[in-house]
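Taken in order, these protein sequences are the chains called A and B.
Under numbering that gives the first Met the number 0, the first residue of the first sequence carries the number 0, and numbering increases by one thereafter.
Under numbering that gives the first Met the number 0, the first residue of the second sequence carries the number 0, and numbering increases by one thereafter.
Heads up, a few of these hints could be off.
Said to hold, decoys possible - No farther apart than 27 Å at their CA atoms in a straight line, the calculated lysine-lysine pairs in the BS3-like style are these:
no., chain 1, residue 1, chain 2, residue 2
1, B, Lys26, B, Lys113
2, B, Lys113, A, Lys119
3, B, Lys26, B, Lys101
4, B, Lys113, A, Lys310
5, B, Lys101, B, Lys31
6, A, Lys452, A, Lys310
7, B, Lys101, A, Lys119
8, B, Lys113, B, Lys27
9, B, Lys101, B, Lys27
Hints were generated in silico from the structure; no laboratory data involved.
Nothing here was measured: the structure is a model prediction, and the numbers come from that model.
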Amino acid sequence: MQTFLISHLPALLVALPLLCGFLMPVIGRAGPRVRNGWVLLGGALTAITGLLLAIQVLRFGPVTYVFGAAHTTQTLAENPAAAFPIRIMFEIDALGALMIINTTLATLAVIIYSVAAEAKQSGLDMFYALFYLLIAGVYGMVATGDLFNFFVFLEITSLAGAALVAYRIDRGVAVEAGLKYALLSTLAALAVLTAIGILFGQYNALNIAALASRLQFTPLDKVALCLLIVPLAMKCGAVPMHFWTPDVYTTAPSSVTAFLVISSQASLYGLFRVLFSLYGAMLSWATFGWFLIILGVLSAFIGVTMAIPQKDVKRLMAYHAVSQTGYMLLAVGVGLAVLGNASALAKFGRAAIAGGLFHIINYASCKGLLFLTAGAIFLRTGTRNLNRLGALGHAMPVTMVLFMIAALAIAGIPPFNGFASKLMIYQSVFHFSPLLAIVAMIVSILTLASFVKVFQALFMGPRRPEFANVREVPRPMLIGMSVLAAYIVIAGIFPQFFVTRMIAPAVNALLDRAGYIATILGGI
Amino acid sequence: MTRLFLALPFVTVVILIILGLGAMLFKKNLIKILLGLSLMESAVNLLLVVIGYRQDSVAPIFTNVPSGEMAMPTVQALTLTSIVIGVATSAMMLSFAMVLYKRYGTVNVLEIRKLKH
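Based on the provided sequences and hints, a complete structural model is requested.
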């Protein structure tokens with residue numbers, strides 16, 4: 000039984016949230032308590048599956064899982080047109096494991112938080128059904144080794160995400176944002192599908208590893224490359240295609256926003272996968288490295304400068320999200336730019352990619368926590384306007400401390416995790432180009448300035464009569480937020496543990512294109 | 000002549016994509032924008048099917064298969080999946096358009112701008 004479950008972990012990773020989501024409307028009939036129990040149970044089981052799978056991958060190497068034909072010789076007919084095994088493969092290497100840990104952390108925090116935060120709302124059965132669909136989509140995106148399957152999960156994520164953004168209609172504003180998100184996501188997914196069609200037409204394969212081994216880098220492949228990376232860069236919110244992020248992140252319920260950050264990162268993962276594992280050696284590294292670097296620097300700088308004047312606390316955080324995504328693009332871009340230069344890669348390229356990947360999980364926890372605290376404040380005060388909020392430190396001390404942890408971490412102040420990853424990024428990028436490192440540091444200082452202002456506006460000052468009835472948020476919300484805060488502090492104090500156990504294998508996996516291909520083609 | 004004939008579907012795909020993109024960029028009516036998106040979806044589906052087509056091929060149904068080359072079944076499966084996804088997204092976005100019309104009394108995208116305030 001145990002070995003059976005362990006060998007089927009990759010399937011369970013997607014099947015459990017799907018099952019949990021689709022049974023939600025049925026189980027919800029038994030009343031809110033039973034439904035909440037089911038929500039928590041589903042979240043716990045999904046989290047356990049994710050963690051077990053990630054540990055398995057990090058300890059024993061990449062895991063492949065086959066849906067359909069178990070062996071390459073199992074084809075349907077002698078007919079040459081059908082002389083291929085019909086199957087979909089999941090391939091989870093150390094990079095996938097990192098993304099799974101990232102998703103699992105957020106799932107755990109957000110599910111516990113939302114049970115209390117959404118308790119007073121209506122239509123919760125469908126809300127949670129969509130939420131689990133979103134979770135399943137994100138897990139699928141980071142676990143799959145099949146390009147078309149990636150497209151399907153991308154669409155599932157976009158659909159569930161857009162529906163959740165629009166779920167609380169809010170006089171139409173939320174629907175407006177949801178529609179914007181849905182339109183852009185569908186357009187992006189269509190571009191990805193076109194690229195898949197172009198690649199399949201030439202190489203007769205959909206599996207990323209099989210495609211990578213057959214790729215010739217014809218002019219059509221270059222078209223496909225553009226059709227893959229531009230939409231994925233848009234979905235992860237890089238400037239100049241960031242315009243949807245503030246609207247969507249602001250209007251979505253806070254627990255959803257915290258998870259939309261994760262779904263954006265799944266697109267970021269897809270972007271890295273396409274660049275490193277699918278195209279890899281074919282690319283002219285410097286060009287595409289600089290493509291990522293320019294996207295990254297623009298995102299980091301424009302994001303933070305747009306954030307400073309914002310009055311809406313969630314809109315401000317959304318612009319910071321754009322800015323932080325810039326760091327990951329910048330760092331991984333530096334790594335990609337020196338991919339062909341072995342000495343530079345060993346000297347600082349590897350460290351740059353490590354910093355970028357470490358920042359993915361660090362940023363997800365900080366930003367998730369920030370959005371959750373914003374949700375807590377909105378729940379108690381009913382406003383997100385910084386000019387009207389204030390003096391909440393008296394009534395909501397725990398939320399204040401959690402906000403402070405997240406804000407200091409995202410600004411890169413020791414001893415929190417943001418410092419660890421940002422230091423790695425500064426050091427390695429400095430070797431590549433001192434100017435870029437200086438820009439990154441300036442962005443960090445502006446981030447700190449912005450959050451000092453927000454902190455002062457939200458929590459400081461004498462008590463105000465209009466907030467006399469404000470109390471601390473319910474305990475489950477605090478527990479959910481504490482999950483993320485705990486990671487922030489632990490990863491900040493012991494970064495070495497995470498870097499050696501989790502990040503270094505992920506960097507190796509990202510750089511080892513031949514290994515990625517061999518895992519699928521050699522194994523089964 | 001045959002080559003030209005075989006290239007015709009690809010030309011159609013490009014024309015449909017341009018039409019759809021044009022509608023999305025230049026139309027102000029939300030329903031027309033969504034129609035443009037649907038048009039592009041159909042174009043991509045057509046592209047997938049055309050990629051799988053082989054001249055004088057038989058349908059990829061495996062029982063009692065006649066001799067001769069088969070059309071590629073994978074892309075047809077992809078197209079089916081893509082159509083299903085397309086239905087879901089279209090239905091969702093059209094229902095969004097309905098909600099917006101109920102709340103704002105218009106489907107003109109220039110007037111649906113509460114987000115900016």
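Results for each hint:
Proposed proximity of Lys26 (chain B) and Lys113 (chain B) is supported: the alpha carbons are some 19 Å apart, at most 27 Å. The straight-line distance between the Cα atoms of Lys113 (chain B) and Lys119 (chain A) is roughly 26 Å, inside the 27 Å bound, and the hint therefore holds. Taking the CA atoms of Lys26 (chain B) and Lys101 (chain B), the gap is about 20 Å. The hint holds against a cut of 27 Å. Restraint check for Lys113 (chain B) and Lys310 (chain A): satisfied, since their Cα atoms lie roughly 16 Å apart, inside the 27 Å limit.
Only pairs whose Cα atoms come within 27 Å are accepted, and Lys101 (chain B) paired with Lys31 (chain B) is accepted, the gap being roughly 17 Å. Distance check on the hinted pair: Lys452 (chain A) and Lys310 (chain A) sit about 11 Å apart at the alpha-carbon level, within 27 Å; holds. Only pairs whose Cα atoms come within 27 Å are accepted, and Lys101 (chain B) paired with Lys119 (chain A) is accepted, the gap being roughly 25 Å. For the hint linking Lys113 (chain B) to Lys27 (chain B), the alpha-carbon distance of about 16 Å falls within 27 Å, and the restraint holds.
Simply put, Lys101 (chain B) and Lys27 (chain B) have alpha-carbon atoms about 18 Å apart, close enough for the 27 Å limit, and the pair holds.
Comparing the model with each earlier hint shows no violations; every hint is respected.
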